Amino acid sequence: MSGLRYVYAVCRPLGAPLQAQLTGVAGAPAKPLHHHGLVAVVSEVPERDFGEEPLRAHLEDLDWLAATARAHQGVIDALTVVTTPLPLRLATVFRDDSGVRSMIEAREDHFRETLDRLEGRVEWGVKIYAEPEQPERAARPAPKAASGRDYLRQRRQQTRASEDMWQKAEAFATRLHEELADFAEDSRLHAPQNPALSGAAGRNVLNAAYLVPRRGSEEFVELVDRAKDDVPGLRVELTGPWAAYSFAGEAPEEEA
Amino acid sequence: MTVVERREIALVDLLDRLLAGGVVITGDVTLRIADVDLVRIDLNALISSVNAQVPSPFEALEEQP
Numbered sequence: 001m002s003g004l005r006y007v008y009a010v011c012r013p014l015g016a017p018l019q020a021q022l023t024g025v026a027g028a029p030a031k032p033l034h035h036h037g038l039v040a041v042v043s044e045v046p047e048r049d050f051g052e053e054p055l056r057a058h059l060e061d062l063d064w065l066a067a068t069a070r071a072h073q074g075v076i077d078a079l080t081v082v083t084t085p086l087p088l089r090l091a092t093v094f095r096d097d098s099g100v101r102s103m104i105e106a107r108e109d110h111f112r113e114t115l116d117r118l119e120g121r122v123e124w125g126v127k128i129y130a131e132p133e134q135p136e137r138a139a140r141p142a143p144k145a146a147s148g149r150d151y152l153r154q155r156r157q158q159t160r161a162s163e164d165m166w167q168k169a170e171a172f173a174t175r176l177h178e179e180l181a182d183f184a185e186d187s188r189l190h191a192p193q194n195p196a197l198s199g200a201a202g203r204n205v206l207n208a209a210y211l212v213p214r215r216g217s218e219e220f221v222e223l224v225d226r227a228k229d230d231v232p233g234l235r236v237e238l239t240g241p242w243a244a245y246s247f248a249g250e251a252p253e254e255e256a
Numbered sequence: 001m002t003v004v005e006r007r008e009i010a011l012v013d014l015l016d017r018l019l020a021g022g023v024v025i026t027g028d029v030t031l032r033i034a035d036v037d038l039v040r041i042d043l044n045a046l047i048s049s050v051n052a053q054v055p056s057p058f059e060a061l062e063e064q065p
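First to last, the protein sequences are chains A and B. Heads up: the first sequence runs through residues 1 to 256, numbered per the numbering used here. Heads up: the second sequence runs through residues 1 to 65, numbered per the numbering used here.
Wrong hints could be hidden among the right ones.
Said to hold, decoys possible - From the derived model, a few chain A residues whose C-beta atoms are all more than 12 Å from chain B:
| id | residue |
| --- | --- |
| 1 | 19 |
| 2 | 27 |
| 3 | 160 |
| 4 | 164 |
Stated by the list, open to error - Okay, the calculated bits of chain A under chain B, using three or more residues with CB under 8 Å as the criterion:
| id | stretch |
| --- | --- |
| 5 | 49 to 59 |
| 6 | 240 to 247 |
Said to hold, decoys possible - Covered, in the sense of this in silico footprint (three residues per stretch, anywhere, with C-beta under 8 Å from a C-beta of chain B), are these stretches of chain A:
| id | stretch |
| --- | --- |
| 7 | 62 to 74 |
| 8 | 99 to 110 |
Calculated from the structure, these hints are not laboratory results. Values in this document were obtained by computation on a predicted structure and should not be read as measured data. Yeah, the Cβ is synthetic: ideal placement off N, Cα and C, and Gly gets one too.
Take these sequences, add in the hints, and give me the full structure.
In structure tokens form, the structure reads like this:
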């Protein structure tokens, strides 16, 4: 056996075949591997890239990580069309097919429980950004300070305006999150995103994921959309529908 | 305020899910994502995005009167 096995997801037997040319990470086709009434979606990957040491080095290379993450997501996306997949974390690699089968045997009850919990659900991502400066304020140049006292007063006003802005942003984020979490079956808060990595303008004040039944998705999107005119200077971004990555849950602790 | 719906999936959104979400299984290759120094990735991204055509967001702020 020349290659290792990269596992994308575990799911129930598919009602429809996977698309014929479904390409996974490392350009190899992703295929179903049936075992004990479950399906692992797997592709063959070369040991020179996915063995432990090369993998460690690759994962610190942002370009490699990006390409691999996109390929992984491509397979999950295709699966989402035909089933509700249980996505695995990036770079879950086994020696061979029998390693994948042993993994399924060891966890099949847990997989079934989680698949039942997620069946027919999708994940939506909602982020809120606070713009650093309101456009009308930025456009108007501040009057030149006539004295030291004027200067200090202007500085105080600027500081106060900025504090108000963060308070408003926080209050809005809390309120919207409560409303969405109330509608959703479950929610998760991710760490705010680094603007240098996201390239997004403004400070990310909410980065949340919501588990929503497919049927409720339209209503969920409307809830988000309705919030859009509430507070100037804030921007709401919606992503999804995603497979339920953020709700796949930790597998039970493995015995050491 | 505007609501922006997704166009192309941003890498950060994807990494939020693929590196922090998904079922965690220790495979035969026992490297865990947690073992990888993601701080370094972060720093590399920070440095390259600031040095490349993309101007630093911090400079833009400082230029405000």
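These are the hints, each one checked on the structure:
1. Once the 12 Å rule is applied to beta carbons, residue 19(A) is consistent with being away from chain B; the minimum gap is 19 Å.
2. The beta carbon of residue 27(A) sits about 18 Å from the closest Cβ of chain B, which is more than 12 Å, so the claim that it is off the interface holds.
3. Consistency note on residue 160(A): stated as away from chain B, and its beta-carbon is indeed over 12 Å from all of that chain's, at 16 Å minimum.
4. A cut-off of 12 Å between C-beta atoms confirms that residue 164(A) is not in contact with chain B; the least separation is 16 Å.
5. Residues of the stretch 49 to 59 of chain A with a Cβ under 8 Å from some Cβ of chain B number 6, which satisfies the need for three, so the listed coverage holds.
6. Coverage of the stretch 240 to 247 of chain A by chain B holds [criterion: at least 3 residues with CB-CB distance below 8 Å; count 5].
7. Evaluation of the coverage hint for the stretch 62 to 74 of chain A: fulfilled, as 7 residues show C-beta separations to chain B shorter than 8 Å, against a requirement of three.
8. Counting residues of the stretch 99 to 110 of chain A whose beta carbon lies closer than 8 Å to any beta carbon of chain B gives 3, which reaches the threshold of three, so the coverage claim holds.
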